[in-house]
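Enquirer: Each chain, written out:
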Amino acid sequence: MKDSIEDFIVKIENEFENTPSGSLNPDTNFRNDFEWSSVNALILFSMINIEYDVILTAEDIQPAHTISDLYQIVSKKLQ
Amino acid sequence: MAFTISENVAVRGISTCVPSSVHDINDYSLFTETEKKNFIHTVGVQKRRFVSEGICSSDLSVAAAQKLIDALNWDKNDIDAIILVTQSGDYPIPSTAFIIQDHLQLPDTCIAFDINLGCSGYVIGLQTISSMMGKNKFKKVILLATDVPSINLSYHDKSTYPLFGDGASATALEYDECAKNMYFITQSNGRDFDALYIPHGGMRNFAGPHSFEEIEYEGGIKRNMTHIVLDGMRIFNFSITKVPPQIITLMELCGNSIDEIDYFFTHQANKIMNETIRKKLKIQADRFPYSIQEYGNTSSASIPITMSHILGDPNKMYKGETVLSGFGIGLSWASAYISFENTLILPVSDYE
Chain A
1 MKDSIEDFIV KIENEFENTP SGSLNPDTNF RNDFEWSSVN ALILFSMINI EYDVILTAED
61 IQPAHTISDL YQIVSKKLQ
Chain B
80 MAFTISENVA VRGISTCVPS SVHDINDYSL FTETEKKNFI HTVGVQKRRF VSEGICSSDL
140 SVAAAQKLID ALNWDKNDID AIILVTQSGD YPIPSTAFII QDHLQLPDTC IAFDINLGCS
200 GYVIGLQTIS SMMGKNKFKK VILLATDVPS INLSYHDKST YPLFGDGASA TALEYDECAK
260 NMYFITQSNG RDFDALYIPH GGMRNFAGPH SFEEIEYEGG IKRNMTHIVL DGMRIFNFSI
320 TKVPPQIITL MELCGNSIDE IDYFFTHQAN KIMNETIRKK LKIQADRFPY SIQEYGNTSS
380 ASIPITMSHI LGDPNKMYKG ETVLSGFGIG LSWASAYISF ENTLILPVSD YE
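Going down the list, the sequences are from chains A and B. First residue of the first sequence: 1, per our numbering; consecutive thereafter. First residue of the second sequence: 80, per our numbering; consecutive thereafter.
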């Protein structure tokens with residue numbers, strides 16, 4: 001994984017209009033804290049594919065609740 | 080990989096036609112205000128056009144074709160073939176192209192048939208018909224790419240109802256010894272045919288009363304078996320994985336680079352999906368235009384509708400190095416490199 005979790009968070013914040021810089025942290029529950037929906041999932045999956053060349057599926061992120069969980073899933077796919 | 084080159088074929092003109100009835104996402108009662116805003120911003124659709132009752136693919140196609148034949152001043156007796164790419168024909172049989180041939184009053188010397196394709200259909204239609212043209216082959220041809228998906232949409236399915244729109248296109252092709260080569264790559268994967276399909280109404284599951292019973296799915300989605308089913312995530316992952324390498328391969332095979340292309344006209348699937356493809360290919364936004372905001376995802380008509388929307392001008396001829404790319408149902412994905420020269424592209428017209 002080329003990015004630290006801090007860099008990962010900055011990239012997520014840049015993608016979403018309603019998440020100003022500094023509003024997310026590794027323990028943020030993305031399902032509750034920013035109106036999680038299938039449209040938002042596409043935004044996140046798009047960013048992750050462009051930045052890390054990783055494909056995520058709905059099943060992949062089913063066990064994830066926090067930004068840190070997501071970071072771990074992407075890191076694992078890159079190994 | 081199906082890589083083909085079509086020689087001595089020129090695109091003379093493109094005409095497109097949409098129903099006049101505008102449906103705005105802001106009027107979609109199943110979306111909350113936040114969902115409307117997110118959908119318009121991310122998926123990119125603001126409005127789309129739906130046919131009124133009784134209007135079919137043949138009606139829109141005839142309007143687009145007649146306008147083009149008039150603008151090019153073509154003699155109908157010279158037209159050797161009329162081919163319709165559609166997934167929403169007027170009848171299960173015969174091909175709707177026959178009905179269009181009749182309405183346009185084309186001669187009996189003209190061959191007519193349909194090709195059952197959607198998102199990739201415009202590019203594969205161009206590949207198919209241009210490979211049938213040449214010195215001892217067809218000389219003048221009309222390719223139609225038309226769909227009316229609105230007829231098979233469930234109002235209670237948020238993944239499809241706000242996304243799709245109806246539209247038609249006609250493209251005139253002519254044998255021309257001076258025309259530059261057209262390059263095509265087409266690929267398909269039938270394993271995922273059910274990522275985008277209509278379960279009932281064909282011969283496998285003949286439509287009966289049970290086909291029209293509404294079933295409730297996760298997320299409050301309701302539809303019957305004659306409605307379009309879309310697995311958006313599967314299509315998204317397929318498209319962002321398969322399309323960028325295909326365009327890179329196309330550029331390599333025709334000895335061109337992405338920087339030399341004036342425009343990339345892609346199937347208007349979904350803005351976030353298309354933007355992912357654009358960013359992966361590092362193409363500047365001004366060379367990768369959209370019409371999805373105005374017309375939604377119009378299936379096989381979406382590439383010519385985007386060309387009409389951006390370039391349409393009855394007083395100008397288009398000249399430009401152009402890549403076309405369609406991807407989706409099948410699953411299938413197809414890209415073409417075409418040097419347009421002296422091509423008349425008419426603005427999108429409303430069906431009256």
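Hints listed in this document are in silico derivations from the structure and should not be mistaken for laboratory results. Values in this document were obtained by computation on a predicted structure and should not be read as measured data. The reader is advised that the hints may include incorrect statements.
[Said to hold, decoys possible] Per the computed footprint, the stretches of chain B lying under chain A, defined by three or more beta-carbons under 8 Å from a beta-carbon of chain A, are:
1) 199-205
2) 266-272
3) 421-430
[As the list claims (entries may be wrong)] Derived SDA-like pairs (lysine to any residue); straight-line CA-CA distance at most 20 Å:
4) LYS350(B) x THR57(A)
5) LYS237(B) x ILE43(A)
6) LYS350(B) x ALA41(A)
We treat Cβ as the ideally placed atom computed from N, Cα and C, and that holds for glycine.
Enquirer: Hints first: check each against the structure and report whether it holds.
Expert: We went through each hint and held it up to the structure:
Coverage of the segment 199-205 of chain B by chain A is violated. Counting CB-CB distances below 8 Å, 0 residues qualify, and the rule asks for three or more. Note: the segment 266-272 of chain B has 0 residues with beta-carbon separation from chain A under 8 Å; the three-residue rule is not met and the coverage is violated. Note: the segment 421-430 of chain B has 0 residues with beta-carbon separation from chain A under 8 Å; the three-residue rule is not met and the coverage is violated. With a C-alpha separation of about 19 Å, the suggested pairing of LYS350(B) with THR57(A) holds against the 20 Å cut-off.
A hinted pair counts as satisfied when its Cα atoms are at most 20 Å apart, and LYS237(B) with ILE43(A) qualifies at roughly 17 Å. Between LYS350(B) and ALA41(A), the direct Cα distance comes to roughly 14 Å. Compliance with the 20 Å bound is thereby established for this hinted pair.
Hints 1, 2, 3 from the list above are not met by this structure, while the remaining hints are.
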